[in-house]
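Take 1 as the starting number for the sequence shown in the working numbering and just add one per residue.
Since the hints were derived computationally from the structure, they do not count as laboratory data.
Bear in mind the structure is a predicted one, so any value in this text is a computation, not a measurement.
The beta-carbon is built from N, C-alpha and C at its ideal position, and this holds for glycine as well.
Wrong hints could be hidden among the right ones.
Under the rule of at most 30 Å between Cα atoms (straight-line distance), these lysine-lysine pairs were calculated in the BS3-like manner [unchecked claim]:
id: 1; residue 1: K199; residue 2: K377
id: 2; residue 1: K262; residue 2: K198
id: 3; residue 1: K197; residue 2: K377
id: 4; residue 1: K199; residue 2: K113
id: 5; residue 1: K113; residue 2: K198
id: 6; residue 1: K375; residue 2: K262
id: 7; residue 1: K375; residue 2: K113
id: 8; residue 1: K113; residue 2: K197
id: 9; residue 1: K377; residue 2: K262
id: 10; residue 1: K199; residue 2: K375
id: 11; residue 1: K377; residue 2: K113
id: 12; residue 1: K199; residue 2: K262
id: 13; residue 1: K198; residue 2: K375
id: 14; residue 1: K197; residue 2: K262
id: 15; residue 1: K375; residue 2: K197
id: 16; residue 1: K113; residue 2: K262
id: 17; residue 1: K198; residue 2: K377
Across the chosen pairs, the derived CB separations fall in these ranges [what the hints assert, rightly or not]:
id: 18; residue 1: R175; residue 2: Y265; range: 37 to 47 Å
id: 19; residue 1: F153; residue 2: R260; range: 27 to 37 Å
id: 20; residue 1: S116; residue 2: F224; range: 39 to 49 Å
id: 21; residue 1: I5; residue 2: Q119; range: 16 to 26 Å
id: 22; residue 1: I5; residue 2: T319; range: 22 to 32 Å
id: 23; residue 1: L2; residue 2: V245; range: 22 to 32 Å
id: 24; residue 1: T319; residue 2: L174; range: 43 to 53 Å
id: 25; residue 1: G351; residue 2: G84; range: 36 to 46 Å
id: 26; residue 1: I349; residue 2: S150; range: 42 to 52 Å
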Amino acid sequence: MLLPILHLFNDGYLAAMPLVLPFAAEEFSIPLSMIGLLGSLLSFSGIILALPAGAAAARFGAVRLLSFAVLCYSIGFLLLGTAGGIAAIFAAFILGSIAFGIFHPIAFSAVAKESSSSQLGRNMGIFAATGDIGRIAFAAAVTFIIGLTSWRFTSFLYGIAALFLFLFCFIYALRRNDGNKETASKSKKKLDYSILKKKAFELSNVASFLDSFANASLFIFIPFLLTFRGIDTAFIGVFTSVFFVGNLLGKVIMGRLTDRVKEEYLFIGCECCIFIALIILALSPSAVIISLLALILGFFTKGTVPIVSTMIAQSVGETEYEAAYSVNSLSTSIANTLAPLFFGLLADILGVQAIFSACGIAALLASIPAIVLVKTKNA
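Given only the sequences and the hints, what does the whole structure look like? Please build it.
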């Protein structure tokens with residue numbers, strides 16, 4: 001029960017932190033170039049911290065490391081609330097970046113360890129969906145509270161709430177003796193990256209990379225496509241809400257299906273559906289069709305999260321989960337960093353519509369390693 005709560009807080013706080021920036025920027029006259037740099041910090045950390053996070057979790061225990069992530073968020077928001085200038089805001093975002101960078105590889109590994117094989121997909125789906133609930137709830141709350149009070153008070157309030165959660169998690173970790181000798185002896189306090197030689201893991205990881213590369217930029221560039229189509233900007237909010245609903249449904253439903261249907265087949269089906277939806281999105285001028293596509297894309301792009309997590313877990317042994325999810329987190333972080341740069345350059349050359357056709361092709365390419373994996377297992 002603790003892991004979903006922590007995921008709700010982690011993703012919620014990650015979504016809330018950038019929403020404080022417009023108010024802080026107005027007070028401190030922060031240029032947009034610096035705003036962009038602060039935003040990029042939050043996603044870049046996964047590249048640097050994914051592997052060390054897995055190793056640290058293997059040595060000290062997952063709950064202790066996840067508690068540390070909550071503490072980073074707490075200090076970060078407290079710094080925002082008391083900031084006297086850009087330096088404090090920069091430090092707050094670095095702390096938020098550290099928290100985000102270490103959370104997911106550790107958390108998904110912990111969920112996999114605590115799940116039976118018959119419920120792995122279901123648990124992954126529910127766990128992933130709690131992150132979206134957190135994003136919606138905490139992002140909405142932060143702007144609402146700022147409207148009633150101030151951005152400083154709101155930041156301080158979020159920091160205090162995270163501090164209480166940290167204390168609870170830390171006491172919980174001590175009581176269960178998280179990171180005990182048994183855990184240490186299983187992992188030998190070092191991660192075994194021989195998984196990189198396992199063909200099933202290699203194929204699953206490549207599929208995950210291409211899936212992330214295809215999907216990472218959609219939410220960034222879709223508003224530009226809607227503007228290009230001449231659709232009212234107010235519709236962007238509707239699209240966003242429908243997209244998030246699709247995210248939740250996709251993670252929960254696909255997670256449950258993963259326990260009943262081969263995860264590779266589900267993954268291939270999702271990528272094909274993403275390809276078709278993106279091609280239609282690139283060509284359709286209808287707001288009604290685009291609304292329907294928002295739900296479909298939200299469903300299938302995030303529906304792959306529990307599927308991929310299950311594929312990774314099934315490709316390695318239980319004692320290799322930390323290493324597997326650390327490597328996978330590193331791969332997806334690289335994809336999430338490269339995709340906006342690549343597709344942004346493509347849009348400058350060929351136009352914004354070209355992004356969605358290219359993302360669709362990338363989604364189809366993601367299905368190739370999954371097809372090879374099926375053939376390998378059936379051989």
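Checked hints:
Restraint check for K199 and K377: the C-alpha separation of about 10 Å stays at or below 30 Å, so the hint holds. For the given pair, K262 sits about 19 Å from K198 by alpha-carbon distance, which is consistent with the 30 Å threshold. This hinted pair checks out: K197 and K377 have alpha carbons roughly 16 Å apart, not beyond 30 Å. Distance hint between K199 and K113 is fulfilled; the C-alpha atoms sit about 22 Å from each other, no more than 30 Å.
Between K113 and K198 the alpha-carbon distance is near 20 Å, which keeps this suggested pair within the 30 Å criterion. Of the supplied pair hints, the one linking K375 and K262 holds, its CA atoms being roughly 13 Å apart against a limit of 30 Å. Restraint check for K375 and K113: satisfied, since their Cα atoms lie roughly 27 Å apart, inside the 30 Å limit. For a cut-off of 30 Å, the pair hint linking K113 to K197 stands: about 22 Å separates their Cα positions.
For the suggested pair K377 and K262, the alpha carbons sit about 11 Å apart, so the restraint of at most 30 Å is met. Note on K199 and K375: the hinted pairing holds, with a Cα-Cα distance of about 12 Å set against a maximum of 30 Å. For the hint pairing K377 with K113, the CA-to-CA distance comes to about 23 Å; that is within 30 Å, so the pair holds. Pair hint K199 plus K262 holds up; C-alpha atoms about 18 Å apart against a cutoff of 30 Å.
About 15 Å separates the Cα atoms of K198 and K375, which keeps this hinted pair within 30 Å; it holds. Under the criterion of a C-alpha separation no larger than 30 Å, the hint pairing K197 with K262 is consistent with the structure, at around 23 Å. Distance check on the hinted pair: K375 and K197 sit about 18 Å apart at the alpha-carbon level, within 30 Å; holds. Taken as a hint, the K113 and K262 pair is honoured in the structure, with Cα atoms around 20 Å apart against an allowance of 30 Å.
With a C-alpha separation of about 13 Å, the suggested pair K198 and K377 falls inside the 30 Å cut-off, and the hint holds. Separation of R175 from Y265 is about 42 Å and conforms to the stated range, judged on CB atoms against 37 to 47 Å. Distance hint check: the CB atoms of F153 and R260 are about 48 Å apart, inconsistent with the given range 27 to 37 Å. Checked against the hint of 39 to 49 Å, the pair S116 and F224 passes, with Cβ atoms roughly 44 Å apart.
As the Cβ distance of I5 to Q119 is approximately 19 Å, the hint placing it in 16 to 26 Å holds. Checked against the given bound of 22 to 32 Å, the beta carbons of I5 and T319, roughly 26 Å apart, stay inside it. Distance hint check: the CB atoms of L2 and V245 are about 26 Å apart, consistent with the given range 22 to 32 Å. In this structure, T319 and L174 break the distance hint of 43 to 53 Å, their C-beta atoms being roughly 24 Å apart.
At roughly 44 Å, the beta carbons of G351 and G84 sit within the given window of 36 to 46 Å. At about 44 Å, the beta-carbon gap between I349 and S150 stays in the expected band of 42 to 52 Å.
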